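Since chain Z is already given, all that's left is putting chain B on it; use the hints.
There are 2 protein chains.
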Amino acid sequence: MSRVRVHSFTISLDGFGAGPRQDLQNPLGVNGPELMDWFFHTRIWREMQGLDGGETGVDNRMAERGFENIGAWILGRNMFGPVRGPWPDDSWKGWWGDDPPYHVPTFVLTHHARPSLPMAGKTTFHFVTGGIEEALALARDAAPGKDVRIGGGVATLRQYLNARLIDELVLAVRPVLLGAGEPLFADLDLRALGYACAESVAGERATHVVIRRQ
Amino acid sequence: MSRVRVHSFTISLDGFGAGPRQDLQNPLGVNGPELMDWFFHTRIWREMQGLDGGETGVDNRMAERGFENIGAWILGRNMFGPVRGPWPDDSWKGWWGDDPPYHVPTFVLTHHARPSLPMAGKTTFHFVTGGIEEALALARDAAPGKDVRIGGGVATLRQYLNARLIDELVLAVRPVLLGAGEPLFADLDLRALGYACAESVAGERATHVVIRRQ
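Residue numbers (my numbering), protein chains in the order written: chain Z, 43 to 256; chain B, 43 to 256.
Next up, chain Z with everything else stripped away, as it sits in the complex (with noise of 0.2 Å):
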């Protein structure tokens, strides 16, 4: 069967997966940009953006595997869009502009059902209401013979946690405080989950971990 991963999945020294007050302005949260300012410096970020150069050392490595036999990806709502509620119509298409970087069937996770969502590249938006399993299902039939990637944010992956359904977690570990924002590991005992710790690398701006289910 097809293994659930999560790649570069960046989260604070304090622990933070993404900034507070999350909106349009402020995709990652306030802050949130300080996360990321390990991938943004690598070649394959750099490429995705139709960029020329971008750092090819460990944390570009680490990146590149995330990509590797990715059949579909799932998405939490707030990783989609900062739109809450029902969609007031479909004008909203993604923080990715017409050829976001998922290439393969993407399922967002949402109260509210919305028809499919075809973009360029091959990336297909679906609208999942049925929760997290139901989403899984749909991405593993999508996804023959790949993994299914899970993008986040952090909701979507202590939700998938909870219920033992991630395979392989590679965080990267930025040393900045946050200080407040989405806590991942708050009241989740990935230990009693049967999570641990499999790998460490040290990256040139983050350092990332490999968690694996035993």
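Source of the hints: derived by calculation from the structure; they are not laboratory data.
Some hints here could point you the wrong way.
Only part of the chain B face toward chain Z is listed, based on derived beta-carbon distances under 8 Å [claimed, not checked]: (1) Gly123; (2) Val125; (3) Leu220.
Now the in silico label distances, taken between C-beta atoms and shown as ranges [as the list claims (entries may be wrong)]: (4) B:Gly99 - Z:Ala228: 40 to 50 Å; (5) Z:Gly108 - B:Pro186: 21 to 31 Å; (6) B:Ala205 - Z:Arg126: 55 to 65 Å; (7) B:Arg126 - Z:Arg206: 28 to 38 Å; (8) B:Asp79 - Z:Arg206: 33 to 43 Å; (9) Z:His153 - B:Asn204: 20 to 30 Å.
Listing some non-contacts, in silico: residues in chain Z with all C-beta distances to chain B over 10 Å [as the list claims (entries may be wrong)]: (10) Asn73; (11) Pro217; (12) Ala238.
For clarity, every value in this text was computed on a predicted model and none was experimentally measured.
For every residue, glycine included, the Cβ atom is placed at its ideal position computed from N, Cα and C.
This is chain B only, laid out in the frame that chain Z set:
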């Protein structure tokens, strides 16, 4: 004025500075020794136990930094021992035997008065009932021209951080999941308190992050 420093204080990936249920058998709490499994491999730790050998890499160098120019220590009651409430007698003399690894005046925070306790190797334990500021004033007086090191544990660090009394906090982050225990950062907004990460150094078994008050 002398600086107030914390060194080699270790947290798990999920943010715990000690395991749960500290007692005589578990000085670091249940699973707590997994936190310190970087320090136990260093030459300086082995020297402190009267043993030869040990590793001399980054982890050892970061541990050694913590002993340079220290004129006094401050310890929380739980770091001094498992006894709770009033001292039943004066028989408990710390976890460390007759010759503790401090070798300077060492101030123990407690709600229960007790006579000072001179030990071998120039360590004297003084018991302070007036709170963290009194302990710091006494430690500074006892350490002319040198710095004060706060050993821990979690509750003691949190009190001193909340009061903005720590100048430099060097954490060791271990890639282990404790799942439960004493969280260092919970509801402690170090960013709002004026702290920031200044440096991150990859060691052999831990990532060392230097946090400074701005």
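Evaluation of the provided hints:
1. Gly123: Interface hint status for B:Gly123: violated (27 Å vs cutoff 8 Å).
2. Val125: At 28 Å from the nearest chain Z Cβ, B:Val125 fails the 8 Å test, so the hint is violated.
3. Leu220: holds, 6 Å
4. B:Gly99 - Z:Ala228: 40 to 50 Å: Violated, since B:Gly99 and Z:Ala228 (Cβ atoms, about 33 Å apart) do not stay within the stated range.
5. Z:Gly108 - B:Pro186: 21 to 31 Å: violated, 54 Å
6. B:Ala205 - Z:Arg126: 55 to 65 Å: For B:Ala205 and Z:Arg126 the Cβ distance comes to about 38 Å; the hint is violated.
7. B:Arg126 - Z:Arg206: 28 to 38 Å: Holds, at about 37 Å.
8. B:Asp79 - Z:Arg206: 33 to 43 Å: This hint is violated: roughly 26 Å between Cβ atoms.
9. Z:His153 - B:Asn204: 20 to 30 Å: violated, 39 Å
10. Asn73: violated, 8 Å
11. Pro217: The claim is violated: Z:Pro217 sits with its nearest Cβ about 4 Å from chain B, within 10 Å.
12. Ala238: The claim is violated: Z:Ala238 sits with its nearest Cβ about 6 Å from chain B, within 10 Å.
In summary, the numbered hints that this structure violates are 1, 2, 4, 5, 6, 8, 9, 10, 11, 12.
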